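Q: Each chain, letter by letter, is given below.
Protein chains: 2
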Amino acid sequence: MIDPRVASGLRDLLPAVMIPRERILQTFRETFASFGFVPIETPHIERMEVLTGKGAGSDEVLRQIFEVTNKGGTPGELALRFDLTVPLARFIAKHMDEVGVPFKRYAIGSVFRGERPAKGRFREFMQCDFDTIGVDSRLADAETAQIIHGALAAADVPAFTITLNNRKILDGALETFGLTGRSSLVLRSLDKLAKIGRDGVAAELQRPADAGGAGLDAGQVERILEFAETGRGTAAVLDEAEKRLGANAQAAQGIADLRTVLHLLEAGGVPQEHLAIDLGLARGLDYYTGIVFETTVNGWEKFGSIASGGRYDDLASLYTTRRLPGVGASIGLDRLLALLEEAGTLKSATSTAPVLFANFPGTDPAVAVRMAATLRQAGIGCEIYPEPIQVGKQMGYGTKHGHKLAVIIGPDEVAAEIFNLRYLETRHEDKGLAWSVLEDSVRGALEILEQGGLQS
Amino acid sequence: MIDPRVASGLRDLLPAVMIPRERILQTFRETFASFGFVPIETPHIERMEVLTGKGAGSDEVLRQIFEVTNKGGTPGELALRFDLTVPLARFIAKHMDEVGVPFKRYAIGSVFRGERPAKGRFREFMQCDFDTIGVDSRLADAETAQIIHGALAAADVPAFTITLNNRKILDGALETFGLTGRSSLVLRSLDKLAKIGRDGVAAELQRPADAGGAGLDAGQVERILEFAETGRGTAAVLDEAEKRLGANAQAAQGIADLRTVLHLLEAGGVPQEHLAIDLGLARGLDYYTGIVFETTVNGWEKFGSIASGGRYDDLASLYTTRRLPGVGASIGLDRLLALLEEAGTLKSATSTAPVLFANFPGTDPAVAVRMAATLRQAGIGCEIYPEPIQVGKQMGYGTKHGHKLAVIIGPDEVAAEIFNLRYLETRHEDKGLAWSVLEDSVRGALEILEQGGLQS
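Those protein sequences? They're chains E and U, same order as listed. full-length UniProt numbering puts the first sequence at residues 1 to 456. full-length UniProt numbering puts the second sequence at residues 1 to 456.
Calculated directly from the structure, the hints in this document are not laboratory data. This one's a predicted model, so the numbers in the text were calculated from it and none came from an experiment. Treat the hints with caution; some may be incorrect.
Any copy will do: because identical chains look the same in the list, a pair fits if it lies in one copy or spans two.
Stated by the list, open to error - Only pairs whose alpha carbons sit at most 30 Å apart, straight line, appear in this in silico BS3-like list of lysine-lysine:
hint : residue 1 : residue 2
1    : K431      : K302
2    : K54       : K71
3    : K393      : K94
4    : K400      : K94
5    : K94       : K119
6    : K192      : K71
7    : K302      : K195
8    : K71       : K195
9    : K243      : K431
10   : K192      : K431
11   : K243      : K347
12   : K195      : K431
13   : K243      : K400
14   : K54       : K243
15   : K431      : K94
16   : K94       : K347
17   : K71       : K119
Using the sequences provided together with the hints, build the complete structure.
A: Okay, structure coming up:
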């Protein structure tokens, strides 16, 4: 016997998780499409060179890469993708003439990272990315946040906050405080504010450069931290930033851009309470150059961001000389699902069809097959129990799997052309309904259940 | 610069293919769910031992396996899955107590085989599998064919034929002709009838066993070929088979089982003309023990089967001592798409949203953002051109991408609270419509286009 376990850090997804996961994915696809984004797919396997090109991924990510070889292949030539951004950059460099710009694409797929296995961390997880490429546009910036909002709201994610900032404001602040050369290190430290706290960040910023710190003095640290903590909010925070940094051209541009984005988000119907400006939000990656986003579920901030992104100046510089600015975001589906599960708001289900037809011993299953086909035509999913075992056991199967109703037809019912309709949870049964009212009866019963149901 | 090509045998999927592909996948998911099948997902990476266990895959498939390693991992330990059946067997052995039987699951995902690259053959392709596990049931057999029919019909696949046979009939025939010990070889040869013709199969069957043939004499070959070619059809072919083999218990059981399946398929509304019995259909794999299926698109038989499967006695014997019979099928999505593309029946599209809002120079895009949000609420997808470039160029973008309508609002229209509605294909434009009739106008125009449209 071979042990049927999965490899370390990987996992099977069972129906109770997969059913809501598929539902959420479908709302994401529909939301992306409703904004005119088009799907693309790239292979799970990329050439190693594409993945490890300078700057394609952080050193940490590159250490976690899975190499792929087949018989007769050259070792070290192929690997599994670790995100959907590098493949997008390669894709656009290769297919630019076919797809043209502006190019609005979405991509949903598994990515692989050989991280040390830990609770809630998996070596394969799903990303849902969307980007608008080839334009430097505030409308596209705003639309990115609008889509995060639309997708999460459609997926019934509870109260969440999309936090915005603009790297131009941060760059202006660093310029104003005389810290221009050290921006990468400072921004990376600032990102840890929520995680390691004010004192932790202050210590990191003061640590000498040769010890991996930013080497700031106490005054500089105080100024940058005080600025980063201007407060979360929307318009008022920008007014405050303008007071402090308005004289700096970069910061002024960043502030104006965020005001335009807030104006467009209001027009797009994104409620104010879902938005926050956080002047300390940096999104460490060096390649962001304009707006940046993070999204947290209120009260579940410890899960980190479930939808993040930002604007970049040059997506595909490793693969083409053409400069391609863009803006986009990635929704971490598996992290979101883990959060919803822990928060108890995941509408779990183990059945995809609301109606179970009994397979009554001694009756021709063709009767059930014919009736089920009629209901499916009317858009009502139906399962027929596959074997004519004891009907009580079949009802137990339906109850366990979350079917709502059972249709039961024994030999007497066949002779009289009637059926019994059983509410599986309460065990209430409507007996002797005519075959001719099947669709109406089932639809009516499902509506009753939908509206809070029958008491047992 | 790094060359942005994909590795040999792999490919990118562009929007023109991905849009219909996503649409077809969604109809498959809905069809599976409407029969009560539930989704599961297993990792792309499995332990090598699971994939290469005796009988898990054919020697050919095992030679094509992609090995996976990460830094610190043991070489030879992990590999990419080459189908969804082996992972299903492992899954059910591992999670049997949680999911219980009968277990009706579907799984959709990429599989990987290091085949020699050739036109239309890819090293990564998508399979759509569904199986009913844990029961030996004619209803489940029939349902498998009913779902193939339902899924392909819902995906607008042109006239296709689901060919059925039952291994018990073939086993009975071999028994009757005194060829029991040589069934594997004979069945594998019979499968090639369509490909290499009668003479080719006859030669193979007569070739001595030590030269890889079945070692039959001319009389045996004639009898088996004549039987395999009894003719394609439905009930009549079974009557003929009964005349010849009725005395054999196995064959009689297989014939009775197929008759039950045909009876249930009729009840399920599967039209006769989509079904055929072919007594020569074997589906080489040793593990099939009952009904077998293949599906071809009429006139495009050279593409091979696009949906195949059958009944097996024991799914997971490598991983558990529990005997798990089942029946299932796999739809080869990528082969189907290649066929539809070549047949010219693939409804290609490069846009997911029917309406394009112009981004008129000198007007606040918030107007378009607000209107687009209203239309999306009403279920009408809308894209707003991201930059205020020359409107003619924006219309060119819409025409190229297959948007149907454009909404154009310049400064004069903003002042008067009106808009112009342009039919992108014919360039007809309805001018001066009031903002209050936006939804009705757009819906009306889309209906006009749906019904054959406006003449240019």
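Q: Mind listing which of the numbered hints don't hold for this structure, in increasing order?
A: Hints 1, 9, 10, 11, 12, 13, 14 and 15 contradicted; others consistent.
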